Amino acid sequence: MYAIDRERTRWFLREILPHEPALRGWLSRRPTADLDIDDVIQEAYAILADLETVDDIRHPRAYLFQVAWSVIVKRLRRARVVPIHAIEDLARFDHPDSSPSPEQIAIDRDQLGRLAQAIGAMPAKTQEAFVLRRVEGLSQREISARMSISENTVEKHISRGLRFLADWFGYGGKALANGSREKESEMASVDGRARNQSVH
Amino acid sequence: MAERETSRYIDETASDWIARLDRGPLSEEESQAFEAWLSGDARRRGALLRANAISMMSESARALGPDFEPRQFASAPVAKPPLLSRRRVMAMAGVGGIAAASIVALGINTPAAGAITTGVGEVRLVKLDDGSTVMLNTQTSVKIRYSNAVRRVELLYGEAYFTVADDRRRPFLVETSGTSVRATQAAFLVRRIEGKPVDILVDQGGATAGIAGTPAPIPMQAHSRLLIPLSPATAASAAPAGAAPAPRTVSSDLVSRALAWRDGKIAFEGERLDQAAAEFARYSKVRIEIADPDLAREPVTGLFAARDPVGFGRTVASIFDARMDQQGGAVILSRSAPRKKFSS
Chain L
1 MYAIDRERTR
11 WFLREILPHE
21 PALRGWLSRR
31 PTADLDIDDV
41 IQEAYAILAD
51 LETVDDIRHP
61 RAYLFQVAWS
71 VIVKRLRRAR
81 VVPIHAIEDL
91 ARFDHPDSSP
101 SPEQIAIDRD
111 QLGRLAQAIG
121 AMPAKTQEAF
131 VLRRVEGLSQ
141 REISARMSIS
151 ENTVEKHISR
161 GLRFLADWFG
171 YGGKALANGS
181 REKESEMASV
191 DGRARNQSVH
Chain F
1001 MAERETSRYI
1011 DETASDWIAR
1021 LDRGPLSEEE
1031 SQAFEAWLSG
1041 DARRRGALLR
1051 ANAISMMSES
1061 ARALGPDFEP
1071 RQFASAPVAK
1081 PPLLSRRRVM
1091 AMAGVGGIAA
1101 ASIVALGINT
1111 PAAGAITTGV
1121 GEVRLVKLDD
1131 GSTVMLNTQT
1141 SVKIRYSNAV
1151 RRVELLYGEA
1161 YFTVADDRRR
1171 PFLVETSGTS
1181 VRATQAAFLV
1191 RRIEGKPVDI
1201 LVDQGGATAG
1211 IAGTPAPIPM
1221 QAHSRLLIPL
1231 SPATAASAAP
1241 AGAAPAPRTV
1251 SSDLVSRALA
1261 WRDGKIAFEG
1271 ERLDQAAAEF
1281 ARYSKVRIEI
1291 ADPDLAREPV
1301 TGLFAARDPV
1311 GFGRTVASIF
1321 DARMDQQGGA
1331 VILSRSAPRK
1341 KFSS
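Note that the protein sequences, when read in sequence, are chains L and F.
Everything in the first sequence is counted per my numbering, starting at 1 for the first residue and increasing by one.
Everything in the second sequence is counted per my numbering, starting at 1001 for the first residue and increasing by one.
None of these hints come from the bench; they were simulated from the model.
For clarity, every value in this text was computed on a predicted model and none was experimentally measured.
Here are the simulated distance ranges between beta carbons: (1) L/I149 x F/A1165: 55 to 63 Å; (2) L/S150 x F/A1165: 52 to 60 Å; (3) L/I149 x F/A1291: 33 to 41 Å.
Using N, Cα and C, we set each Cβ at its ideal position, and we do this for glycine too.
All chains should be modelled from the sequences, with the hints used to inform the complete structure.
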């Protein structure tokens, strides 16, 4: 089960996730028929999760784009996945986003500041639970006592906080940065009941 | 079930599982449900990997410290700047304990002559005339000596990251302590710290390393590292004649960690606490003292703000159930009477 392997996850966090906004941008400019970009990204990530090893991937960004492209090709042609394991030749893979300069990388990795911003934009209760869990390091049980809410509710807040971060980082902070206030009130009103309905 | 799940629904379920795992161990029943869920639609494994990575990333929020006030960030302008502007760096510095604040100066132009030097905890990016850049870590000094034939930079001491603009006619040469690194287009790190081997790490492109007393230059590829013993004299006596040090291939993980200082951070991956404390000493005048030998051997993992040794001490204390005291300019970690977390 590679999907929760810590090493694989760490690799993914460092080498793949920072490129998601660029991948989204690139996919949106491709003739992908009626494919849902999020579907393609999930399938691409699943392939990365299932790889036996990622040690020989020299250019993770290019590799990610290739895998995503192979998902599209597979869907469009209903063919087998093109073999992607050995393709490391950057030049053969035509994508418009050249590798960022080291300075840009350095700024992209300014994660702590961005993380602080993202947490700052969370809905109030979710934010409170998330800060207690991740900044102060309380357990979900301790948070439940501190906030006088059930452990199940704490768990839901943590889950929602994670999704909030996923959106924030997956879209390069743009989607939410433009209207964090509106987003907040919207999310606050969705709190609880409405979400359960969407689950069923 | 026959209907295809939406990607959004899968993302939500994946986050729910990660939050559940974060709460505590799964029951037998839950484990089976989890396995069953994972073995379904392939997209679920991708979504879970992503949710778990987000969760792992959020663990570094610990480094924000207990004084973190999320509302201050909420009201700050959050539009994504194309470049880290000086003003934004200053704004963040005001919020306290934020790693990025340690980048104190960006885009300084090359002085005509003399050495460029950084002080304790300072990181500086220097743009050179040809478009190359040098990023200086804490306590570092370099001298730029460009000529028509060669772009020469002398690393007097410390650690610097060089990004070399392509110019085949004028090689880029970094010289330090009997060693030189030559490149035409590359990005690499050179470290020269007293009492330690000279350390060369090639991040991108390729370079060759020349060592005084060895016959041929040593070619280095991207993601390789070369450690050169202290001085040619000791190298000659320690190694048989002709045996030059050889570069080792390193993982991209290691490269990221070695370069974390460019973001004002220090990355550890299982280093001993006393080694971690020594690393912090490079960036701050605040000393971290470890009173307990057992505690000194504890392995440290994580990403920390380089200029916040107190925040680091606090985090370490809470992880290892230790006690942190501040005395004068020192942070003292000990493991005597365990105290309750966050009782201050």
